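In our numbering, the protein residues as written are 1 to 322.
Because the hints were derived from the structure by calculation, they are not lab data.
Each hint should be verified, as a subset may be incorrect.
[To be verified] Derived lysine to aspartate or glutamate pairs resembling EDC-like cross-links, with alpha carbons at most 20 Å apart:
1. Lys222 - Asp192
2. Lys222 - Glu255
3. Lys262 - Glu293
4. Lys259 - Glu205
5. Lys298 - Glu239
6. Lys262 - Asp301
7. Lys259 - Glu239
8. Lys259 - Asp240
9. Lys259 - Glu203
10. Lys298 - Glu181
11. Lys259 - Asp242
12. Lys298 - Glu229
13. Lys222 - Glu205
14. Lys262 - Asp240
15. Lys222 - Glu197
16. Lys222 - Asp194
17. Lys262 - Asp225
18. Lys298 - Asp225
19. Lys262 - Asp242
20. Lys259 - Glu293
[Unchecked claim] Across the chosen pairs, the derived CB separations fall in these ranges:
21. Asp180 - Glu265: 29 to 35 Å
22. Thr275 - Asp180: 36 to 42 Å
23. Asn39 - Asp194: 34 to 40 Å
24. Arg252 - Arg103: 34 to 40 Å
25. Val228 - Ala206: 38 to 44 Å
From a predicted model like this one, the values you see are computed outputs, not experimental measurements.
Just so it is clear, CB atoms sit at the ideal spot from N, CA and C, and this is done for glycine as well.
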Amino acid sequence: MTSLQLPSGAPGARILGFGSYRPRRRVTNDELAQTMDTNDEWIQGRVGIAERRWAAPDETLVEMSVAAGGKALAASGLDAGDIDLVLLATTSPPTAIPGLAPRIAHQIGVPRPGAFDVNAGCAGWCYALSAAADAIRSGSARHALVIGGERLTDYTNLDDRATAVIFADGAGAAVLGPSDEPAVGPVVWGSDGDLHEAIAIPEGEAGMSMAGQAVYRWATTKLTDTLVEAMRRAGVGPEDIDVFAPHQANLRIIELMAKRLKLPERTVIARDVVTSGNTSSASVPLALAALVESGEAKTGDVALLLGYGAGLTFAGQVVVLP
1 MTSLQLPSGA PGARILGFGS YRPRRRVTND ELAQTMDTND EWIQGRVGIA
51 ERRWAAPDET LVEMSVAAGG KALAASGLDA GDIDLVLLAT TSPPTAIPGL
101 APRIAHQIGV PRPGAFDVNA GCAGWCYALS AAADAIRSGS ARHALVIGGE
151 RLTDYTNLDD RATAVIFADG AGAAVLGPSD EPAVGPVVWG SDGDLHEAIA
201 IPEGEAGMSM AGQAVYRWAT TKLTDTLVEA MRRAGVGPED IDVFAPHQAN
251 LRIIELMAKR LKLPERTVIA RDVVTSGNTS SASVPLALAA LVESGEAKTG
301 DVALLLGYGA GLTFAGQVVV LP
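Using the sequences plus the hints, can you model the full thing?
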């Protein structure tokens, strides 16, 4: 059998910069209580959300993703012409065809990159991040732009307190490039398709449904092992983790996971869900961008990431922050 020629000395991959976009409108729990049977105490007690961002008509999924991607590109110090792969993780495209990644790349000014969308539920950005890192390691790409963008309010029944209080809009992004020292660890990913209906838009309906208790039990009983394995494959332990940034679905889940992992007290735990709500594929990059911008996370920090959601899908990995 013929052997294939792989790039000599194929590099590792690292994140070069983050970017984010948050819609202008802040929606508080008290505002929601004016139109539905809920209140601030009920919402914060169950999911820990105090407010969320809802996009205006002019804040389209494309425009939010372009804004986040452009900021990540600027933070990376690269030019648009340096990017040769653009991935968009999203669960809320306005149309099924065409995918949005090529259009977003064009608007950012990236010339003729490989470009495609990824729909892996709320784990989508972590899936896309790993795919981009693997493309760089294999030599298929040198620099990649990975965006997580959502307009979940387009698919949320705003009269349903079970979902309307949770879901929100926004976009987060990162640029990846080659590195002599690997700074994106191996991904530990998978799915539990027997629970595929737990988060879904049922056929014939416009709004999302979620079996909240089933998802909570799954996340709190099944995913800690995923994080332990991600650390093992990256060659680190809980004592090495500087930042814990899981999917921002529920503050109670985040805090329980951190406790079970026995992370050190110095570990910065992302709690972006409190002010941003659940932004699905955008939640992990939005949380990381916020921590970097605020100075809570520093260059060289070791971050433990976890995405999980509809499918049900999950992906955990360790990265070094830029």
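Hints, one by one, checked against the model:
As the CA atoms of Lys222 and Asp192 are separated by approximately 10 Å, the hinted pair is consistent with the 20 Å bound. Distance check on the hinted pair: Lys222 and Glu255 sit about 15 Å apart at the alpha-carbon level, within 20 Å; holds. Restraint check for Lys262 and Glu293: not satisfied, since their Cα atoms lie roughly 26 Å apart, outside the 20 Å limit. Between Lys259 and Glu205 the CA atoms are separated by roughly 38 Å; this puts the pair beyond 20 Å, and the hint is violated.
Between Lys298 and Glu239, the direct Cα distance comes to roughly 17 Å. Compliance with the 20 Å bound is thereby established for this hinted pair. Distance restraint check for Lys262 and Asp301: the Cα-Cα separation of roughly 18 Å lies within the 20 Å cut-off, and the hinted pair is therefore satisfied. Simply put, Lys259 and Glu239 have alpha-carbon atoms about 13 Å apart, close enough for the 20 Å limit, and the pair holds. Pair hint Lys259 plus Asp240 holds up; C-alpha atoms about 15 Å apart against a cutoff of 20 Å.
Between the alpha carbons of Lys259 and Glu203 the distance comes to roughly 38 Å, so the proposed pair goes past 20 Å and is violated. For the proposed pair Lys298 and Glu181, the alpha carbon gap of about 18 Å is at most 20 Å, so the pair holds. Distance hint between Lys259 and Asp242 is fulfilled; the C-alpha atoms sit about 15 Å from each other, no more than 20 Å. Between Lys298 and Glu229 the CA atoms are separated by roughly 24 Å; this puts the pair beyond 20 Å, and the hint is violated.
Under the criterion of a C-alpha separation no larger than 20 Å, the hint pairing Lys222 with Glu205 is inconsistent with the structure, at around 30 Å. With a C-alpha separation of about 11 Å, the suggested pair Lys262 and Asp240 falls inside the 20 Å cut-off, and the hint holds. Using a Cα cut-off of 20 Å, the hinted pair Lys222 and Glu197 holds, with the two alpha carbons roughly 17 Å apart. Annotation: proposed proximity of Lys222 to Asp194 holds, straight-line Cα distance about 14 Å (limit 20 Å).
Among the hinted pairs, Lys262 with Asp225 is consistent with the structure: their alpha-carbon atoms are about 13 Å apart, no more than 20 Å. For the suggested pair Lys298 and Asp225, the alpha carbons sit about 27 Å apart, so the restraint of at most 20 Å is broken. Our distance criterion of 20 Å between C-alpha atoms is met by Lys262 and Asp242, whose separation comes to about 13 Å. Using a Cα cut-off of 20 Å, the hinted pair Lys259 and Glu293 is violated, with the two alpha carbons roughly 26 Å apart.
A hinted range of 29 to 35 Å for the beta carbons of Asp180 and Glu265 is consistent with their spacing of about 33 Å. Checked against the hint of 36 to 42 Å, the C-beta distance between Thr275 and Asp180 comes to roughly 38 Å, which is consistent with it. At about 35 Å, the beta-carbon gap between Asn39 and Asp194 stays in the expected band of 34 to 40 Å. One distance hint, 34 to 40 Å for the beta-carbon pair Arg252 and Arg103, holds here, with the actual separation near 38 Å.
Checked against the given bound of 38 to 44 Å, the beta carbons of Val228 and Ala206, roughly 39 Å apart, stay inside it.
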